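Residue numbers (our numbering), protein chains in the order written: chain A, 1 to 402; chain B, 403 to 804.
Keep in mind that the hints are not guaranteed to be accurate.
[Claimed, not checked] Okay, the calculated bits of chain A under chain B, using three or more residues with CB under 8 Å as the criterion: (1) 264-276; (2) 287-300; (3) 360-371; (4) 381-387; (5) 393-399.
[What the hints assert, rightly or not] Every beta carbon over 12 Å from chain B, so not counted as near; a handful from chain A, in silico: (6) Val68; (7) Thr92; (8) Asn119; (9) Gly258; (10) Cys281.
For the record, the hints were derived by calculation from the structure and aren't laboratory data. What you are looking at is a predicted structure, and each value in this text was computed from that prediction instead of being measured. Using N, Cα and C, we set each Cβ at its ideal position, and we do this for glycine too.
Protein chains: 2
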Amino acid sequence: MTIEEKFEMLGIDNAPGQESLQKEVELPAMGDKIPGPRVDFSHGDVNAHIPTPGSLEVFTKGFEEGAVQAYTPYRGRDTILAQTASDLAAFTGAPIDPASEIILTPGTQGALFLAMGANIMPGDRVAVVEPDYFANRKMVTFFGGQIVPVPLHYQGLKHGAGIDLTALEDAFRSGVKLFLFSNPNNPVGCVYTKEEVAAIASLAKRYGAALIVDELYSRQIYDGIPFTHLRALPEIPENLITIMGPSKTESLSGFRLGAAYGTAAVIDRMEKLQAIMALRCSGYNQAVFGTWFHEPDGWMEDRVRAHKEIRDSLMGIISGVPGVYARPAEGGSYLFITLPPLTVTLHQFIRLVRGLADVIVPPGTEFGPQFTDAFRINYSQDKEKAENALRRLFAVMERCRA
Amino acid sequence: MTIEEKFEMLGIDNAPGQESLQKEVELPAMGDKIPGPRVDFSHGDVNAHIPTPGSLEVFTKGFEEGAVQAYTPYRGRDTILAQTASDLAAFTGAPIDPASEIILTPGTQGALFLAMGANIMPGDRVAVVEPDYFANRKMVTFFGGQIVPVPLHYQGLKHGAGIDLTALEDAFRSGVKLFLFSNPNNPVGCVYTKEEVAAIASLAKRYGAALIVDELYSRQIYDGIPFTHLRALPEIPENLITIMGPSKTESLSGFRLGAAYGTAAVIDRMEKLQAIMALRCSGYNQAVFGTWFHEPDGWMEDRVRAHKEIRDSLMGIISGVPGVYARPAEGGSYLFITLPPLTVTLHQFIRLVRGLADVIVPPGTEFGPQFTDAFRINYSQDKEKAENALRRLFAVMERCRA
């Protein structure tokens, strides 16, 4: 394989946030534009839901601290590691040694990349959920691994993610040594039940497989649905990394802050990789970890409530459109919306929606090759604009209905 | 090879900045401590040489701009790419298309990692200079390439880097498809002559090899020494990436800002890799690129002058110590200092210096396995403290002299 062929497999034309760079494709005429303010559903709107109060001030203080904050060990500044480890231990329900079991990274994307790079050798078979976060499959490919998909039968379920545990055990039995999944699931927003999480942990332990659990959205769970942190279960595999960060729920993505915590030997390898990848999470930015889990009283509760209201309102719109399906998110800010048969392809459809309605959505195929009839929205948006934008999207859809 | 064996080769115990995490090793008794304020020569001191005036204010403005600055395309925000491309084109003397030929990255480390990852396939042979930046060799190893060293005969030269062009041509002839070098050289500080740069470019073109040129320190050249930007030569290879960033000279390392510019097809691949590595250079931080090449009048000249004075003072100390050699840096803030025979190993010596004199230096072996008698200092420090620290270091050295 040439380097060109390798990177052909890592296409980002349709990746969330890249829409402004999309190559033009030929589109059928589908009527006039439908006016309305642009909504970019590919990521949250930090103008509508602003960053944690005080985050800029904490950054500024870090900057003013100077050298000690600008240059930290590659895994992060010791005082920040200590506080973050303690907060995450309390949140997840199991201890974290700040000296050996945690690393700060450039965003949770960086944490994922390091965890995957610290576990995958070329030729390794790696199990990933479908649908799941768009970068997971690309990372396996980049590191020379082979993707072994594990389906999620999420549709129609009231609770749980519907992970196909038989497929997962088959994967482990066939030699898969690493399994990666997000909980709450991105893009569906479903939360794994305690039984599902325990079954994953127990299977991984039994087959000696490593686990990477992406819990990015685990602070934003609705309706008191119980959330199970795999790392706090009595039976866990020897090689386990959990990933999180003050990003989405906190609207701090512009700072690029992530954390990975778990097995010390893996954290060691991740630090070695970080040393050559980006040296460290930006020094001054690390200071902003100080706001994490220390938001003003009631602020997080308000944020979760506001997002639940948007979810409910958008679900109301969706359930009124025949042939369209989305499962209400139990956590996070995503809805994965399935379409009825159309006269155009999915990629034509998302471009038509962008051109005619000024609404941006990533196609389902970013989350698994088989999702040619779905798209994802991040509804961390201004509520009214989001409602209006979704209505415009469906108006374009009606023009394309088969 | 197992993943554990692979990462064994990427040791960071002795990497610059990691000293606080060094494992203890047994050391011979070498007398009492020599008191004096700690100096960490492993990186510059941004308290002694402060960041570009206005950088925090520009960051704050970026933060306040909100969503448009928090989330940018993976390669960077279009307005910032346009300005940076234009400034770098003027600085280097050759045009850069902001839409296709430049990417902003998490530090120049990120730029290097992306450029290497976008060029190396497992099994590829990659030529690197020895001595050169410590991460270069580790990156080749991580991406599964094989290192082909190209020696620098820098000692005693008045001008030029002394690159072994015969070794470079032999490497290309033997199938090396990528060559990476830093100019000014890190750790020596020598500047390649125009003839050397032109010879490298011409050889790479002739043999169809790719080039990565790390010009991180090219704004900090002393004594009017001519600096040749390879990319502006009439004869350059088809696959060429130049790397730079507002970091060292500008004391902006705490923001982690880097830029890579060159061949559009490689920049495309780098963006794909960045999409899964860290998504983007931190959104708010990108705003700080706005200060680059737009420092207050005379500020850069003062900074370069201040560093030249420190260099001259430290060279005065070095030249008074029998058996010790360093070539005066022509650019950048590094001196690569060669020691006389000692009764202890190099790694014992640097630990003794840290323990007895509170002075931190990375060992020469980080820059090539054969440099077992050298260490590097970054002299972007408070002048008086640096002089004092270097004298303490040599006092420890005298106790260890064979």
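Against the structure, the hints come out as follows:
Residues of the region 264-276 of chain A with a Cβ under 8 Å from some Cβ of chain B number 8, which satisfies the need for three, so the listed coverage holds. Counting residues of the region 287-300 of chain A whose CB falls under 8 Å from any CB of chain B gives 0; the rule of at least 3 is not met. Given a C-beta distance limit of less than 8 Å, the hint that chain B covers the region 360-371 of chain A is violated, as 0 residues qualify and 3 are needed. Counting residues of the region 381-387 of chain A whose C-beta sits closer than 8 Å to any C-beta of chain B gives 0, which falls short of three, so the coverage hint is violated.
Here the region 393-399 of chain A counts 0 residues with a CB under 8 Å from a CB of chain B, which misses the bar of 3, and the coverage is violated. For Val68 (chain A), the shortest C-beta to C-beta distance to chain B comes to about 9 Å, within the 12 Å cut-off, and the non-interface label is violated. The claim that Thr92 (chain A) is not at the interface with chain B holds, since no C-beta of that chain comes within 12 Å of its own (minimum 24 Å). Against the 12 Å criterion, Asn119 (chain A) falls within the reach of chain B, whose nearest CB is about 6 Å from its own CB.
Not every CB of chain B lies more than 12 Å from the CB of Gly258 (chain A), the least distance being 9 Å, so the non-interface label is violated. For Cys281 (chain A), the non-interface assignment is contradicted: its Cβ lies about 8 Å from the closest Cβ of chain B, within the 12 Å cut-off.
Checked against the numbered hints above, the structure breaks hints 2, 3, 4, 5, 6, 8, 9, 10 and satisfies the rest.
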